[in-house]
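Student: Here is what each chain is made of, one letter per residue.
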Amino acid sequence: MAVKLFDSKGVALERQVFTWKDLVQKPISKLDDDAFTRVRVILMNGIESQALRFQNTCLLLNRELREPLARIGRTEHHQQTLVNWLLSADHSPLETTIAYEQVAIEVTAAIAQKEPDEYLAQVYRFGLLEDFDHLYRYSALYDRLEGRDPNTILQSYTDIIPGRPTSIEHRHPLDDLREPYERASAHPQSKLNALTLVSGEYQTHDYYMHFGPTFADPVARQLYAEIASIEHQHVTQYASLIDPNESLLEKWLLHEANEAWNYYSCMETETNPRIKAIWERFLEYELGHVKAVSELFKKHEKRDPAEILPETLPDAIPYVSQRDFVRETLSKELELSAARTQFVDRSEETEETRRYRDTINSEGSPSEAVAAGYRWRPGTELTKEQAQAA
Amino acid sequence: MAKAAELGKNRTGIDMSPADAERMISGAKEFSSAASADGRTAIAALEREYIAEAEPIGSVPAPGTLRGALKTGAKKATGKNPEVFLNKLGERLAYERTGVRLYESVITKVEAADQMHPAGPVTVDELQQIRDEEMQHFQLLSDVAESLGADPTALTPAANVAAVATMGIPKVLNDPRTTVAQCLDALLTLELVDNAAWELLIQLADNMGLKDASEQFQRALEQEKEHLATVRSWLEEITTQEARRGAQARH
Numbered sequence: 000m001a002v003k004l005f006d007s008k009g010v011a012l013e014r015q016v017f018t019w020k021d022l023v024q025k026p027i028s029k030l031d032d033d034a035f036t037r038v039r040v041i042l043m044n045g046i047e048s049q050a051l052r053f054q055n056t057c058l059l060l061n062r063e064l065r066e067p068l069a070r071i072g073r074t075e076h077h078q079q080t081l082v083n084w085l086l087s088a089d090h091s092p093l094e095t096t097i098a099y100e101q102v103a104i105e106v107t108a109a110i111a112q113k114e115p116d117e118y119l120a121q122v123y124r125f126g127l128l129e130d131f132d133h134l135y136r137y138s139a140l141y142d143r144l145e146g147r148d149p150n151t152i153l154q155s156y157t158d159i160i161p162g163r164p165t166s167i168e169h170r171h172p173l174d175d176l177r178e179p180y181e182r183a184s185a186h187p188q189s190k191l192n193a194l195t196l197v198s199g200e201y202q203t204h205d206y207y208m209h210f211g212p213t214f215a216d217p218v219a220r221q222l223y224a225e226i227a228s229i230e231h232q233h234v235t236q237y238a239s240l241i242d243p244n245e246s247l248l249e250k251w252l253l254h255e256a257n258e259a260w261n262y263y264s265c266m267e268t269e270t271n272p273r274i275k276a277i278w279e280r281f282l283e284y285e286l287g288h289v290k291a292v293s294e295l296f297k298k299h300e301k302r303d304p305a306e307i308l309p310e311t312l313p314d315a316i317p318y319v320s321q322r323d324f325v326r327e328t329l330s331k332e333l334e335l336s337a338a339r340t341q342f343v344d345r346s347e348e349t350e351e352t353r354r355y356r357d358t359i360n361s362e363g364s365p366s367e368a369v370a371a372g373y374r375w376r377p378g379t380e381l382t383k384e385q386a387q388a389a
Numbered sequence: 000m001a002k003a004a005e006l007g008k009n010r011t012g013i014d015m016s017p018a019d020a021e022r023m024i025s026g027a028k029e030f031s032s033a034a035s036a037d038g039r040t041a042i043a044a045l046e047r048e049y050i051a052e053a054e055p056i057g058s059v060p061a062p063g064t065l066r067g068a069l070k071t072g073a074k075k076a077t078g079k080n081p082e083v084f085l086n087k088l089g090e091r092l093a094y095e096r097t098g099v100r101l102y103e104s105v106i107t108k109v110e111a112a113d114q115m116h117p118a119g120p121v122t123v124d125e126l127q128q129i130r131d132e133e134m135q136h137f138q139l140l141s142d143v144a145e146s147l148g149a150d151p152t153a154l155t156p157a158a159n160v161a162a163v164a165t166m167g168i169p170k171v172l173n174d175p176r177t178t179v180a181q182c183l184d185a186l187l188t189l190e191l192v193d194n195a196a197w198e199l200l201i202q203l204a205d206n207m208g209l210k211d212a213s214e215q216f217q218r219a220l221e222q223e224k225e226h227l228a229t230v231r232s233w234l235e236e237i238t239t240q241e242a243r244r245g246a247q248a249r250h
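Order-wise, the sequence lines are chains A and B. Residue numbers for the first sequence follow numbering that gives the first Met the number 0, beginning at 0 and rising by one. Residue numbers for the second sequence follow numbering that gives the first Met the number 0, beginning at 0 and rising by one.
Some clues are possibly wrong.
[Stated by the list, open to error] Sample of chain A residues facing chain B (criterion: CB under 7 Å; computed from the structure):
(1) Ala88
(2) Arg143
(3) Thr151
(4) Gln154
(5) Ser155
(6) Ile160
(7) Ala368
(8) Gly372
(9) Pro377
In short, the hints are calculated from the structure, not lab data. Note that the structure is a prediction, hence the values are computed from the model and not measured. The beta carbon of each residue, even a glycine, is placed where N, CA and C say it ideally should be.
Modelling step: build the complete structure from the supplied sequences, incorporating the hints.
Tutor: Right under this line is the structure:
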């Protein structure tokens with residue numbers, strides 16, 4: 000079903016209301032729900048959190064738009080609450096972390112394949128192999144510190160194997176900047192892809208920064224510090240893809256369209272009927288936001304929203320295992336690194352990146368320590384010892 | 000409404016998706032280095048480094064009154080460290096105080112008993128009695144702390160660590176999805192630890208020569224033994240009832 004962006008009225012802003020009971024609904028089941036339901040919940044929390052972050056930043060920069068920003072921002076906040084509170088309390092921070100990495104892998108891989116621009120697609124494949132390695136490191140932490148199996152979260156959709164080793168992902172800040180797309184010529188799909196990945200990576204960064212200090216074990220504390228640093232690199236990478244010459248209202252409209260597209264993708268793929276109804280409801284809310292911001296765009300910029308938005312929302316993001324694509328990317332692009340905005344063989348890295356990496360790893364590497372010789376087995380690494388003893 | 004231990008669509012095991020599972024396993028073998036004999040070696044090295052540099056979680060607060068300070072000084076002079084006792088006294092006090100709230104949570108769950116949360120043999124009256132006794136123990140420990148010049152509102156290191164160790168218990172009791180049986184499991188953990196901790200506190204009070212306190216603690220321990228026996232028997236009964244119901248349902 001194609002969703003028309005301009006003909007759909009969505010739900011008017013004044014009818015987007017909540018109660019505390021509505022905001023705090025029954026959570027999903029860690030044991031029984033499909034892992035992709037959790038993936039969608041986590042990504043949509045990230046999408047909402049980016050919308051809110053952007054709108055609050057706009058408040059710092061613009062006086063004329065403060066009232067609509069305040070009104071729409073309140074709704075976004077409550078949408079984020081409802082979505083994020085769908086995670087059940089029995090998810091430990093480390094389990095949620097494993098789920099966050101599954102989101103990063105499966106969504107980035109899906110988006111890399113939808114990306115019409117080859118340079119942008121390369122950026123996404125580059126980031127993909129790094130997040131892929133994070134999952135392996137956190138899985139080793141979960142297995143070796145708690146004696147628990149990360150596949151109870153992943154449900155066999157996502158491989159637990161090394162990617163580009165986290166310890167060599169550290170680069171000089173200037174080697175994490177990328178070439179932005181051109182606002183006038185870029186495909187609308189490219190703009191939504193970039194916003195989706197900025198949203199996902201930003202929330203992942205914030206999650207690790209928030210929960211890192213709640214761990215007691217020094218290896219866990221260091222590992223969260225290390226991977227949070229890479230997530231900051233990824234936020235830099237993906238945010239720098241977005242054309243800084245877009246006007247504030249243009250960016251706002253793109254954020255709203257991106258929220259609508261993502262809710263649409265969730266709605267199209269959701270298997271839990273109760274959660275599907277939430278995606279459907281919030282798609283209608285976002286179409287209401289698109290309409291409201293379109294009016295502001297016309298009024299303040301005297302421009303037609305059709306200049307920047309497609310007539311209909313792009314096809315849904317597929318929420319299926321991307322194992323084959325990830326393995327293919329691994330086999331072809333593992334040795335890539337970046338020098339300024341271009342991708343190069345690791346032998347051609349900049350001197351600044353080498354110095355930066357040597358310094359930050361000079362007192363040891365938590366990602367190497369935690370996963371030394373780690374090979375995932377169903378039921379944890381300990382099943383090997385069990386098999387040998389038998 | 001579903002029962003907690005019902006057979007269902009649990010997706011966490013490797014057998015849920017045989018084709019994906021096979022690829023997970025073969026991929027791990029193909030793309031990960033040979034598993035090392037002891038994967039914790041590097042982890043332990045880093046942990047040891049931090050253990051060597053660590054500072055304590057915190058200190059036992061010095062008694063706030065002159066009388067208490069004098070008493071503390073006197074015991075120290077005889078070679079007995081009152082801070083050890085005060086630390087553990089603070090632990091028990093905080094544990095009993097939290098215990099009051101935890102039993103209140105279970106009372107709510109039993110009051111709301113339904114098909115998914117069957118209360119079995121558990122009664123609100125008995126839970127209320129245990130709750131009230133936990134409250135009395137909290138009061139007793141506060142009185143003893145004050146009589147020694149210690150501040151009953153302070154969080155001692157042992158109290159803090161005990162709270163960290165039992166952090167998951169309120170999470171189990173307060174989750175609307177958990178059953179009464181699951182709550183009893185959590186309470187059993189609580190009561191087993193509590194019994195052992197009272198025994199140790201009595202020993203420490205004896206060593207300090209605190210005869211009155213020791214006798215009162217002994218009475219508290221007797222009540223705690225009853226709490227433990229009650230929780231354990233409830234748990235056994237509710238679980239066997241559930242198993243019987245399950246067996247009947249399948250026949």
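Student: Now tell me if each hint is right for this structure.
Tutor: Now the hints, each set against the structure:
1. Because the closest C-beta pair between Ala88(A) and chain B is about 6 Å apart, less than 7 Å, the hint holds.
2. At about 6 Å, the closest approach between the beta carbon of Arg143(A) and any beta carbon in chain B falls short of 7 Å, and the interface hint on this residue holds.
3. Interface restraint check: Thr151(A) against chain B, minimum CB-CB distance 4 Å, threshold 7 Å, status holds.
4. For Gln154(A), the suggested interface contact is upheld, since its CB lies about 5 Å from the closest CB of chain B, less than 7 Å.
5. Interface hint status for Ser155(A): upheld, as the beta-carbon distance to the closest one in chain B is roughly 4 Å, under 7 Å.
6. Among the interface hints, the one on Ile160(A) holds; its C-beta lies about 4 Å from the nearest C-beta in chain B, closer than the 7 Å criterion.
7. Here the hint on Ala368(A) is kept, as its CB sits about 4 Å from the closest CB of chain B, short of 7 Å.
8. Taking 7 Å as the C-beta cut-off, the interface hint given for Gly372(A) holds, the closest approach to chain B being about 3 Å.
9. Interface hint status for Pro377(A): upheld, as the beta-carbon distance to the closest one in chain B is roughly 4 Å, under 7 Å.
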